[in-house]
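Chain order of the listed sequences is A and B. Each residue of the first sequence is one higher than the one before, starting from 1 at the first, in the working numbering. Each residue of the second sequence is one higher than the one before, starting from 1001 at the first, in the working numbering.
It is possible that part of the hints are untrue.
Said to hold, decoys possible - Taking lysine-lysine and the DSSO-like style, the derived pairs with C-alpha atoms no more than 27 Å apart in a straight line are:
(1) Lys-1034/B <-> Lys-1094/B
(2) Lys-1094/B <-> Lys-93/A
(3) Lys-93/A <-> Lys-1034/B
To be verified - Here are the simulated distance ranges between beta carbons:
(4) Glu-108/A <-> Ala-1063/B: 47 to 55 Å
(5) Lys-1034/B <-> Asp-102/A: 45 to 53 Å
(6) Arg-14/A <-> Val-1059/B: 26 to 34 Å
(7) Asn-1057/B <-> Leu-37/A: 18 to 26 Å
(8) Glu-99/A <-> Ser-1002/B: 36 to 44 Å
(9) Asp-1073/B <-> Gly-13/A: 32 to 40 Å
(10) Ile-1007/B <-> Asp-102/A: 39 to 47 Å
(11) Ser-84/A <-> Thr-1113/B: 21 to 29 Å
(12) Ser-1021/B <-> Pro-123/A: 20 to 28 Å
(13) Glu-120/A <-> Ser-1025/B: 34 to 42 Å
(14) Pro-1126/B <-> Gly-13/A: 50 to 58 Å
Everything labelled a hint here was simulated from the structure, so no lab data went into it. Every residue, glycine too, gets a C-beta built ideally from N, C-alpha and C.
Here are the chains, one letter per residue:
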Amino acid sequence: MVIEPTFEVAEYGRWAVMRVTGEIDMATAPRLRQHVLTVTARKPDGLVLDLDRIEFIDSTGLGVMVGAAKRMRMIDGGFRIVCSQPHLNELFKITRLNEVFDLYESLEDALTTVTGTLVEGVPTDGAGNPEGAST
Amino acid sequence: MSEDFEIEIPPTFEHLAMVRSVLSSALEAEPILKEERLQDLRLALSEATTNAIEAHNRVGTQAAVGIRITVADKKVTVRVSDQGGGFDPSKLKKHPPVTDPERLEYERGLGVTLMRRLTDECSITPTKNGTTVTLIVHR
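Looking at chain B on its own, in the form it has when it is part of the complex (with noise of 0.2 Å):
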């Protein structure tokens, strides 16, 4: 048995905080995550959303991006999907090591890490037009 929460959104970071609420409230119907395993998925789909609003912007596109939050018995996956023209994580510049001085020269690129080790799964999938994020979090 599973069921489905799927929304979309315009592609402005004001709904951030919207999508972390949908998410938020399937779990309350579906409370199948401890507390602390729920904080870490909210993190990782905002870190999705984020990107993905970002790279609508890069492209100029008003297009939704499409949110899809499907609770199991004994998982929740959560896709992302955008239509900001791909995007490819092994061209992610590496930080200097956090011993390095220069370290405090990169302010981003830490989103892609926290989504990796906040879930279970995590996936980053070209598409025609863009882009789709699968995030897994095991009960």
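The shape of chain A in the complex, shown without the other chains (with noise of 0.2 Å):
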């Protein structure tokens, strides 16, 4: 009955993109948080997290984000998030979690300052893989 999240990773020069949609709750959270640290095992010069087509997400979802900024801060890296939906929006400041990241409408907006190109990426499972290929 959920509707399952996706992820898809692309690149942007050094940064990372990762496209998140469906449902983020504490059932699903764990494979977002692998994700994440898939991602940023990879030393990108940023990471950004598009949440513009998320279905769903409760605070486990909001957690996982607060520990990606951690590991982005831990290697110097940035870390942007792009959110254009105004519920989601609302929890961000309810939490006051907006004045911890930088909140983009919208990805062009959120890669204005980075060089590069977008070379998209496959959906992939929490190592990386794409979903479906066996390991």
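Taking the hints as your guide, dock the two standalone chains into a single complex.
Have a look at this one:
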């Protein structure tokens, strides 16, 4: 019954762009966390989490973002979130995470100061392998 | 006039989406809330149910978590009842200020804040074996 989340990682120069869709709650947040760990382990210059097409996210999902921000800070990387959904922006305000995260209305805005071109990725499992591929 | 929807779920997180769906379905039949307020209540319900499941896991019980949704003319009331041994919200650890770099050490603990801020009324009541969380959103 859950709208299963999908994760697609693209590259933009030395930055990683992770598009997340579907529902993130306590049942599915571990997958988001695993993707964040996989991407941050590659030590990109920055990470953009694109949440524009997310259906639902709870405090567990917000917590994973806090963890992602921490990991990127540890490697001196940038961390930006794309979100134009009013409800999600309201959640950031309520939790005051809008004062911790750099929030952008669009992916274009988030990448304005970054040099590169977008190289689209494919949906992946938590280990960075294409979904459905045998490992 | 009011209508009740009552469900019991096993204490596993895979049931969270179903709980949210039941609320949406209940309010499709009686659409008294605007979409934005429905989203608020869906999230608050999901947070309360998550806490209830965690409480059951903590004490090792497989007992069902009870959820009751009451749709009345002017408000929607949701009650989430667990048998997880009780919970004292006043003992929640406070997060450091957002300007403190240490804030990034805290990935959990936002659920109760969201429940309180997204509903018109939110109460957390100890019961004999656990806790009942009541969430109310007015029309």
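Going through the hints against the structure:
| no. | hint | in the structure |
| --- | --- | --- |
| 1 | Lys-1034/B <-> Lys-1094/B | violated, 32 Å |
| 2 | Lys-1094/B <-> Lys-93/A | holds, 17 Å |
| 3 | Lys-93/A <-> Lys-1034/B | holds, 20 Å |
| 4 | Glu-108/A <-> Ala-1063/B: 47 to 55 Å | holds, 50 Å |
| 5 | Lys-1034/B <-> Asp-102/A: 45 to 53 Å | violated, 30 Å |
| 6 | Arg-14/A <-> Val-1059/B: 26 to 34 Å | violated, 48 Å |
| 7 | Asn-1057/B <-> Leu-37/A: 18 to 26 Å | holds, 23 Å |
| 8 | Glu-99/A <-> Ser-1002/B: 36 to 44 Å | holds, 41 Å |
| 9 | Asp-1073/B <-> Gly-13/A: 32 to 40 Å | violated, 56 Å |
| 10 | Ile-1007/B <-> Asp-102/A: 39 to 47 Å | holds, 40 Å |
| 11 | Ser-84/A <-> Thr-1113/B: 21 to 29 Å | holds, 23 Å |
| 12 | Ser-1021/B <-> Pro-123/A: 20 to 28 Å | holds, 24 Å |
| 13 | Glu-120/A <-> Ser-1025/B: 34 to 42 Å | holds, 37 Å |
| 14 | Pro-1126/B <-> Gly-13/A: 50 to 58 Å | holds, 54 Å |
In this structure, the earlier hints numbered 1, 5, 6 and 9 are contradicted, and the remaining ones agree with it.
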